[in-house]
Amino acid sequence: MEEDLQKLYEITENMTGVVNAILKNKLDKDIVLDEFKKQKQAHYNKLLENSVKEIMKIGNELDKSVKKYESFVRVKELVNALASAGGQYRQSEMLQALKELQNVLPKVQKVNIDFEIVNLPNMIKVEVLTDIEETKKCFENGCYRSCAILCGRILEACLHRKYYELTRKDILETSPGAGLGKLIAKLKELNVLFDPGITEQIHLINKVRIDSVHIKQVTFNPTKSQAQAMILYTVDVVNKLF
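Counting in our numbering, the sequence shown runs from 1 upward without gaps.
You may find that some hints are simply not true.
[Claimed, not checked] Think about it this way: if two alpha-carbon atoms lie no more than 30 Å apart in a straight line, the pair counts; the simulated DSS-like pairs of lysine-lysine are:
hint, residue 1, residue 2
1, Lys136, Lys26
2, Lys53, Lys136
3, Lys46, Lys224
Calculated directly from the structure, the hints in this document are not laboratory data. Since the structure is predicted, the reported quantities are computational estimates derived from the model, not experimental observations.
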């Protein structure tokens, strides 16, 4: 429930920024626009349309108590009107409804994650720290699939390095295309210990990776809790490796 409300609040903030941009650029009028402004107008309207879809999805998942947020219903009405109104825009009304919605939604405290990784080998330190910083930004902005993909990158870099330190062999040369599962198996053969839960984490990461590059009928989208667990587990694994 709290996660849905936090996501809803973040969406309304984004929508407010889009509506303000429409008003600032005077794209809320039913007038003849040049080609550049038409493209900009279409871009902003597409952003609003996508936000509405997210709001509708969250609205269907929220508890019945959300019905008390009258402005939530109002936002959906206004956005539906925008989608079907052609050139007759009502952004000022939408902006007011968004402000009302932000006022009535309970403020949910954002989750802070400890991203600190210590004792990284110098050969991979810059690369891994860059990925960690990007993972942090993705999590803070609700890009949970990106978090999973970056966790996979971090694990691969660290597991490759650990294997090299133990064997003085580059597994990318001896076993091209070795994935996370094979890396874990190889390191276990070298008596490197991992928590039992690593298999499940690798499965989730690989599922996100596959769905991100191949069209699927049902795409796996990690929840905020799943993304948080992946990040915490990744940090824990890396800290235990070195």
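Taking the hints in turn, this is what the structure says about them:
no. : hint              : verdict
1   : Lys136 with Lys26 : 35 Å, violated
2   : Lys53 with Lys136 : 26 Å, holds
3   : Lys46 with Lys224 : 25 Å, holds
Checked against the numbered hints given earlier, this structure breaks only hint 1.
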